[in-house]
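There are 2 protein chains.
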Amino acid sequence: MNKTSAGTFYGVGVGPGDPELLTLKALRIIQQCDLVTYLRSEHGHSMARDIASAAVSAATHADQKEYAIILPMCETREAVNTVYDEAARVIADHLDQAQDVVFLCQGDPFFFGSFAYLYDRLNDRYSIEIVPGVTSINASSALSGKPLSLLAENLAVISGRRSDEDILHTLSHFDNVAIMKPGRRRSELLQLIDQAGRTQDACYLEYVGQKNQKIIYDISVLDALPGPYFSLFLINRSRDYTPSSKKP
Amino acid sequence: MNKTSAGTFYGVGVGPGDPELLTLKALRIIQQCDLVTYLRSEHGHSMARDIASAAVSAATHADQKEYAIILPMCETREAVNTVYDEAARVIADHLDQAQDVVFLCQGDPFFFGSFAYLYDRLNDRYSIEIVPGVTSINASSALSGKPLSLLAENLAVISGRRSDEDILHTLSHFDNVAIMKPGRRRSELLQLIDQAGRTQDACYLEYVGQKNQKIIYDISVLDALPGPYFSLFLINRSRDYTPSSKKP
Numbered sequence: 001m002n003k004t005s006a007g008t009f010y011g012v013g014v015g016p017g018d019p020e021l022l023t024l025k026a027l028r029i030i031q032q033c034d035l036v037t038y039l040r041s042e043h044g045h046s047m048a049r050d051i052a053s054a055a056v057s058a059a060t061h062a063d064q065k066e067y068a069i070i071l072p073m074c075e076t077r078e079a080v081n082t083v084y085d086e087a088a089r090v091i092a093d094h095l096d097q098a099q100d101v102v103f104l105c106q107g108d109p110f111f112f113g114s115f116a117y118l119y120d121r122l123n124d125r126y127s128i129e130i131v132p133g134v135t136s137i138n139a140s141s142a143l144s145g146k147p148l149s150l151l152a153e154n155l156a157v158i159s160g161r162r163s164d165e166d167i168l169h170t171l172s173h174f175d176n177v178a179i180m181k182p183g184r185r186r187s188e189l190l191q192l193i194d195q196a197g198r199t200q201d202a203c204y205l206e207y208v209g210q211k212n213q214k215i216i217y218d219i220s221v222l223d224a225l226p227g228p229y230f231s232l233f234l235i236n237r238s239r240d241y242t243p244s245s246k247k248p
Numbered sequence: 001m002n003k004t005s006a007g008t009f010y011g012v013g014v015g016p017g018d019p020e021l022l023t024l025k026a027l028r029i030i031q032q033c034d035l036v037t038y039l040r041s042e043h044g045h046s047m048a049r050d051i052a053s054a055a056v057s058a059a060t061h062a063d064q065k066e067y068a069i070i071l072p073m074c075e076t077r078e079a080v081n082t083v084y085d086e087a088a089r090v091i092a093d094h095l096d097q098a099q100d101v102v103f104l105c106q107g108d109p110f111f112f113g114s115f116a117y118l119y120d121r122l123n124d125r126y127s128i129e130i131v132p133g134v135t136s137i138n139a140s141s142a143l144s145g146k147p148l149s150l151l152a153e154n155l156a157v158i159s160g161r162r163s164d165e166d167i168l169h170t171l172s173h174f175d176n177v178a179i180m181k182p183g184r185r186r187s188e189l190l191q192l193i194d195q196a197g198r199t200q201d202a203c204y205l206e207y208v209g210q211k212n213q214k215i216i217y218d219i220s221v222l223d224a225l226p227g228p229y230f231s232l233f234l235i236n237r238s239r240d241y242t243p244s245s246k247k248p
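Protein chains in written order, with our numbering: chain A, 1 to 248; chain B, 1 to 248.
Isolated chain A (complex conformation) (with noise of 0.2 angstroms):
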């Protein structure tokens, strides 16, 4: 690593929940790492720490620091930002001492997350490298098996908060769609699917990868009931692709 001048920043994706989903580069980047950082909510809770506690626990560098970016409960823009901007200037601080940082992203870096605030922030004046990770939709449809796409196949990723417009057209024009943290908009979601006519395409899941993951095969039997942030559904072509092992 450059030790030079300024640090290295990097932005490492610690996968989906599964902590044997961390790459090997991820491994070492945050073994290596002089600080790693990462998001934690005000009860104390970090998905993207707990996911990279046994990396973190096998730091091979020392005198490894842990900084916890802590982000407030009612986000408005404006809160966000101010957290973000603090947590800039404390990775920038580091930085300018010639110390490397890595910041540990739940899922990959650039895949819905948040490590582009920072990026946005810190891409001017120093050196950043981003280390892609295993992607929630990409685990789901390990799990499920469900192909994201074959051969000449398309595939829309579409956010739930998105209009109903967008999220039907979205499932009429695409073979495969997976809608994101549908989290509070569940119940309208399930009724957008359903008046697409692509029920039976669909498959819901939660928490995957955890202890608590969980994986609905018949969306019809689903509550319509807010959700938990950490779900998604996948709408894909329809076949037979169920593994033998969770058939009935």
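Just so you know, the hints here were simulated from the structure itself, not pulled from any lab data.
Given the structure is predicted, the values throughout are model-derived calculations rather than measurements.
Built from N, CA and C at the ideal position, the CB exists for glycine as well.
Computed list of chain A residues with no C-beta within reach of chain B, every gap over 12 angstroms: (1) Gly44; (2) Arg49; (3) Asp50; (4) Ile69.
Here are the simulated SDA-like cross-link-like pairs (lysine to any residue), alpha carbons at most 25 angstroms apart as the crow flies: (5) A:Lys181 x B:Ala152; (6) B:Lys214 x A:Asp124; (7) A:Lys181 x A:Met47; (8) B:Lys65 x B:Gln99; (9) B:Lys181 x B:Asp50; (10) A:Lys211 x B:Arg28; (11) A:Lys65 x A:Thr82; (12) B:Lys211 x B:Ala54; (13) B:Lys211 x A:Arg28; (14) B:Lys181 x A:His173; (15) A:Lys214 x B:Asn123; (16) A:Lys181 x A:Arg77; (17) B:Lys214 x A:Glu129; (18) A:Lys181 x B:Glu153; (19) A:Lys214 x B:Ser127; (20) A:Lys181 x B:Asn154; (21) A:Lys181 x A:Gly197; (22) B:Lys181 x B:Cys74; (23) B:Lys181 x A:Ser172; (24) B:Lys65 x B:Arg40; (25) A:Lys211 x B:Thr8; (26) A:Lys214 x A:His45; (27) A:Lys211 x B:Ser127; (28) B:Lys181 x A:Arg237; (29) A:Lys214 x B:Thr8; (30) A:Lys181 x B:Asp175; (31) B:Lys214 x B:Tyr229.
With chain A fixed as given, assemble chain B onto it according to the hints.
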């Protein structure tokens, strides 16, 4: 691993090219299996085998064997089916002898890959486990400094083989678009990206994660000629996210 009856068939993503982007789980499974299989060209080349080379060399299984599935150059549907039928028979023979078999997949097994052909042929009879991997689009995003998606943005992944109409429609409806394997259609795709007014948003990547990897940030300088198979266009909502180390 289940050795009591039949063995387990593992579809394992080995990432897009850099051997350090293997996951810890992929490494462990490759090292433990009785048989390692992968696709190989008639010329004797296997990208997946190359990426996993160090993992195979470090096998913990004392008597590990290899089996290359040779794909003919002239890929008629029928010829390809014959190859996969025969491969499934060989794999089934090993599973029946209570051996565990791993199929190495470049990138992720269910993301534009060939694993589904074997999955389809073996899933009814055998226990199959899929290990997701880092995809070429995540690696390309990390390398180019272009986020695949932020907050409520959407992302489409579309094959370069789709119709002009499909590609134009996708370019105009999605914030971020990856066009996979432009290959022979590179010249038409350059025109379509231009027609959609998104030349400024696009970058072009070849052989990501391999020694000969290449990024073209200004696609207007790209020759209107066919390109290699392992290439892609990334089209992102305009932001200046070019990594500082790569700025001119």
